[in-house]
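K.L.:
Listed here are the chains, written in short residue letters.
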Amino acid sequence: MKKYTYTEKKDTRSGFGAGLHEAGKKNENVVALCADLVGSLKMDAFIKDFPERFTQVGIAEANMIGIAAGMTIGGKIPFTGTFANFSTGRVYDQIRQSVAYSNKNVKICASHAGLTLGEDGATHQILEDIGLMKMLPGMVVINPCDYNQTKAATMAIAEYEGPVYLRFGRPVIPVFTDPDQKFEIGKAWMVNEGTDVTIIATGHMVWKAIEAGEKLAELGIDAEIINIHTIKPLDDEAILKSVKKTGCVVTCEEHNKFGGLGESVARLLTTELPTPQEFVATNDTFGESGTPDQLMSKYGLDAVNIVEAVQKVIGRKK
Amino acid sequence: MKHTIKELEDIASQIRRDIVRMVHGCQSGHPGASLGCADFFTALYFEVLNHKTDFTMEGAGEDLFFLSNGHISPVWYSTLAHAGYFDKSELATFRKLDSRLQGHPTTHEHLPGIRIASGSLGQGLSVAIGAALAKKLNGDKSHVFALLGDGELQEGQNWEAAMFAPFNKVDHLIASVDYNGQQIDGPTSKVLALDDLQAKFEAFGWHVINTDGNDMQAIVEGLHYAKTLTGKGKPIMNLMSTQMGAGVDYMVGSHKWHGTAPNDEQLAVALAQLPETLGDY
Chain L
1 MKKYTYTEKK DTRSGFGAGL HEAGKKNENV VALCADLVGS LKMDAFIKDF PERFTQVGIA
61 EANMIGIAAG MTIGGKIPFT GTFANFSTGR VYDQIRQSVA YSNKNVKICA SHAGLTLGED
121 GATHQILEDI GLMKMLPGMV VINPCDYNQT KAATMAIAEY EGPVYLRFGR PVIPVFTDPD
181 QKFEIGKAWM VNEGTDVTII ATGHMVWKAI EAGEKLAELG IDAEIINIHT IKPLDDEAIL
241 KSVKKTGCVV TCEEHNKFGG LGESVARLLT TELPTPQEFV ATNDTFGESG TPDQLMSKYG
301 LDAVNIVEAV QKVIGRKK
Chain U
1 MKHTIKELED IASQIRRDIV RMVHGCQSGH PGASLGCADF FTALYFEVLN HKTDFTMEGA
61 GEDLFFLSNG HISPVWYSTL AHAGYFDKSE LATFRKLDSR LQGHPTTHEH LPGIRIASGS
121 LGQGLSVAIG AALAKKLNGD KSHVFALLGD GELQEGQNWE AAMFAPFNKV DHLIASVDYN
181 GQQIDGPTSK VLALDDLQAK FEAFGWHVIN TDGNDMQAIV EGLHYAKTLT GKGKPIMNLM
241 STQMGAGVDY MVGSHKWHGT APNDEQLAVA LAQLPETLGD Y
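Sequence lines, in order, name chains L and U. For the first sequence, UniProt numbering gives the first residue as 1, with consecutive numbering after it. For the second sequence, UniProt numbering gives the first residue as 1, with consecutive numbering after it.
Each hint should be verified, as a subset may be incorrect.
Stretch-level coverage of chain U by chain L, calculated; a stretch enters the list once three of its residues show a Cβ under 8 Å from a Cβ in chain L [claimed, not checked]: (1) 52 to 59; (2) 101 to 109; (3) 114 to 121; (4) 130 to 137; (5) 151 to 160.
Rather than coming from a laboratory, the hints here were simulated on the basis of the structure. Quantities reported herein were computed from a predicted structural model and do not represent experimental measurements. We put the CB at the ideal spot given by N, CA and C, even for glycine.
Same shape as in the complex, but just chain L (with noise of 0.2 Å):
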């Protein structure tokens, strides 16, 4: 098991404050807009530096997601922040009608995703978004795992063209990733190569496996982890390739079961190679209040969980 450690913790809510920021300074098209959320998404270096081209649009979801929509016919690259609540269920149809049917090059920018929120309870832990952004034709939907892994995806999405949906998150985690990455989208990135199993992680669950490939060498198990850092489009190769090898799946992400990666995962082995999979997801459950990892432990989003997990699908392994 290749060695991880880290120095620093931070929140990937500040990778993406970070990235925004340079990614203004880049392209004087990058344009912010928030609602009423500019603490919490990191917003502040970007105001500061660009205050005529940023937008706070109040409480109103649905407006900055259509404001945001007709600044793109000008030529501007908006980003749109706020809780990733508020970023997707509240304003799905403005999203499907004004951005992503009418193909617009917005970036919809989604913290405090999943039930790493914490304290705040299940009206603001969104575990669906990947499901509901991913079903929408054309968007593509990244769920970076750390803070520079979070920064390099914002700086990157800027220079795609078309509707992204980008998930991070509230809490302060190891930052492990390459400060100096470069973040191609849809192309998954190789944590460790292990011949007995494939964990395939995304978001906050990168690092937990992390700690259960650990814990798994331990074992006597060698687990190959892959970071799906971009869920749509999926990195088909590169899951295939590492499946062929190990021949079962674990998927880890903080979402709900249905409508997660481990389903767009389920889908591409279903018809390319049937291969057992187990999921490390919440099951078709509501969060709850509570710290972020009572409710990680809770939920069963813990490395043990996967290491459970990883047990479970060799023993189905014909």
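Knowing the structure of chain L, use the given hints to seat chain U on it.
P.N.:
Frame of chain L; chain U shown alone:
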């Protein structure tokens, strides 16, 4: 004036012929408010809008128009064709398989003149505001026009947009409401009354004007006047009274013709009331 009022009325009459023939041709679509807005579209595209028919998505230096109540696509398609955006023969494909003239307007098939999809109601004013903000950032002082249905104002997003535009001084924006007082389930006064729209928009900070949307002279003058009001810190709201079905006597004023196509006999009656002026498609 680029045209006389009589010339504009003739164009509007031809557009009305096209509308009833298009809707009849596919036995679906929305003739009522399309007919009601034929004068507005004629005034806008043939007299008021500074635009090029050599279409670009950005429309830099051009006035832009957004239709929020996308179901009145027949009037827009006919107007665009007669203005020169595409050949009028294409009007015959309205709502048919593989057509660029979808039931509701879309950019998906790349029809010149359309900049965003509409149909699901309540979204167009926000989009128009966004386009106006982009023009401002680009130093482009041209205007952005939008048309909203009156029933559509029951959608909450409109009021988010209505609150935003004056506060942010989006003052090159001229929105019009097709105030025909009808919606699918009946008169707006019975379904969910709009009441005093002038007071409502004024309270939100808009400069409100009132026009008669079925009087060509009045609508041309009203839109020109609206342009003179721009750049003064307030968005402009044109409350435009129209009659659903205007031009076809048996459709006038009735919500029953919101989304119903005429049969062969009804078509003949309608066409007899609308002289051919520019040539049918």
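K.L.:
Which earlier hints turn out false for this structure, listed by number in ascending order?
P.N.:
none
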